[in-house]
Amino acid sequence: EPEVTQTPSHQVTQMGQEVILRCVPISNHLYFYWYRQILGQKVEFLVSFYNNEISEKSEIFDDQFSVERPDGSNFTLKIRSTKLEDSAMYFCASSVLRGGPPPEQFFGPGTRLTVL
Amino acid sequence: TQLLEQSPQFLSIQEGENLTVYCNSSSVFSSLQWYRQEPGEGPVLLVTVVTGGEVKKLKRLTFQFGDARKDSSLHITAAQPGDTGLYLCGVPFGNEKLTFGTGTRLTIIP
Numbered sequence: 001e002p003e004v005t006q007t008p009s010h011q012v013t014q015m016g017q018e019v020i021l022r023c024v025p026i027s028n029h030l031y032f033y034w035y036r037q038i039l040g041q042k043v044e045f046l047v048s049f050y051n052n053e054i055s056e057k058s059e060i061f062d063d064q065f066s067v068e069r070p071d072g073s074n075f076t077l078k079i080r081s082t083k084l085e086d087s088a089m090y091f092c093a094s095s096v097l098r099g100g101p102p103p104e105q106f107f108g109p110g111t112r113l114t115v116l
Numbered sequence: 001t002q003l004l005e006q007s008p009q010f011l012s013i014q015e016g017e018n019l020t021v022y023c024n025s026s027s028v029f030s031s032l033q034w035y036r037q038e039p040g041e042g043p044v045l046l047v048t049v050v051t052g053g054e055v056k057k058l059k060r061l062t063f064q065f066g067d068a069r070k071d072s073s074l075h076i077t078a079a080q081p082g083d084t085g086l087y088l089c090g091v092p093f094g095n096e097k098l099t100f101g102t103g104t105r106l107t108i109i110p
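Chains as they are written, first to last, in this note's numbering: chain A, 1 to 116; chain B, 1 to 110.
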């Protein structure tokens, strides 16, 4: 069964460093998303991406964050200069439909980012 | 103010018991989804409800959308250890994003 994959599973970085989190969405999906979950807190939406551009972003997704679909299969989240409060589980998701009934978003297993 | 409040936050019960968890809001939604998240994994969709008063069943799980489409409940009959997990309600907005509730962490004791 197709699934969303994410690498790495765990990333440890120093404060101020850049990190790139990678995702491979399900191949025929059109919408891509990033969410994060700080330990003990709820899952929060960061950004959605459709047709090679950002479709919507939350107030969390500031200038330190960027997303890219560099090669038609990968979907990346870059944090330019990490802060301690960026430590969280980052989930990538993808969905196939736009419009109509709310689509199912398929989530990856997550990347745990630890900023020291 | 939380858009989606879930209760209880934590629930620990014996195998075989029944339970109900809730998702409440003061806002009206066109649809609502329930997800389950297990440790080390992303959320997995269980059900989508779209009509006020709608009831959907998934084996021992019964989901109901409130008549006014502001709240929802999840009832589990004869809970099994495999039901253990974090249950999240979520509201899709314009097919662009999901806003999740605070979650109910359920533990079923064998």
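Certain hints may be false.
[Claimed, not checked] Stretch-level coverage of chain B by chain A, calculated; a stretch enters the list once three of its residues show a Cβ under 8 Å from a Cβ in chain A:
#1 31 to 42
#2 71 to 84
#3 97 to 103
The hints are simulated quantities; they were obtained by calculation from the structure and are not laboratory data. Don't be surprised by glycine CBs; every beta carbon is placed ideally from N, CA and C.
Three or more residues of the segment 31 to 42 of chain B near chain A by CB distance under 8 Å?
-> holds (count 6)
Assertion that chain A covers the segment 97 to 103 of chain B - criterion: three or more residues, beta-carbon distance below 8 Å = holds (count 7)
Outcome, coverage of the segment 71 to 84 of chain B by chain A - at least 3 residues whose beta-carbon is closer than 8 Å to one in that chain | violated (count 0)
Taken one by one, the earlier hints fail for this structure only at number 2.
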